[in-house]
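Q: Sequence:
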Amino acid sequence: MEQLDRRQTLFSIAAASVLPIQSAAAQTSGTPEGREIAPGVRRVDYTKRETMIPNYKTVSMRDNIYQPGASTSGSSMANDMVCHMLEGELTVDTGSGDSLYRKGDVWSCTKGMPERSKNTGSTVAIMRVIDLLPG
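For the sequence shown, the numbering used here gives the first residue as 110, with consecutive numbering after it.
These are calculated hints, taken from the structure and not from any lab test.
Where a beta carbon is used, it is the ideal one built from N, C-alpha and C, also for glycine.
Each hint should be verified, as a subset may be incorrect.
As the list claims (entries may be wrong) - Estimated spans, in silico, between C-beta atoms of each pair:
(1) S208 x Y155: 21 to 29 Å
(2) G178 x G244: 19 to 27 Å
(3) P163 x T229: 15 to 23 Å
(4) A147 x G204: 16 to 24 Å
(5) M161 x S182: 31 to 39 Å
(6) T219 x S182: 32 to 40 Å
(7) G244 x G206: 29 to 37 Å
(8) S184 x G206: 29 to 37 Å
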């Protein structure tokens, strides 16, 4: 089996998360499922499985659904992850300033980065997160 480097691995995960965009938006946008993690922000957890990616034991997927103006302000990322904007836009504190992510954008975060995001748009924002969990 061919050895993948970390960049190839993250790109593959990000590409795979783009495929279910329409069905995911239909499933989560405006639905009452999940749990509230901050005022106006809901988290919907999907699935968790073992992974073949070196240095990670488990991969899981979730959506964070932000109402307009809603924000999160956690202390720091608990693990490495790949994020994808399914709908709307978010301003995210990346530790070196704010970055604006819009529908279709993908980015990655490392363990320990700040965990602060705000929906600065006028519509619901859905951020899909692929968590990479060590053993």
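Q: Does each hint fit the structure? Answer for all of them.
A: Checked hints:
1. Checking the proposed 21 to 29 Å range against S208 and Y155 shows it holds: the Cβ atoms sit about 25 Å from each other.
2. With their beta carbons about 39 Å apart, G178 and G244 fall outside the hinted range of 19 to 27 Å.
3. The hinted window of 15 to 23 Å between P163 and T229 is violated, with their beta carbons roughly 37 Å apart.
4. Roughly 19 Å separates the CB atoms of A147 and G204, a value that falls within the hinted 16 to 24 Å.
5. Between M161 and S182 the beta carbons are some 34 Å apart, a value that agrees with the proposed interval 31 to 39 Å.
6. For the pair T219 and S182, the supplied restraint of 32 to 40 Å is violated, since their beta-carbon distance comes to about 18 Å.
7. A hinted range of 29 to 37 Å holds for the C-beta pair G244 and G206, which are about 33 Å apart.
8. Between S184 and G206, the C-beta spacing of about 18 Å breaks the proposed range 29 to 37 Å.
Checked against the numbered hints given earlier, this structure breaks hints 2, 3, 6, 8; the rest are met.
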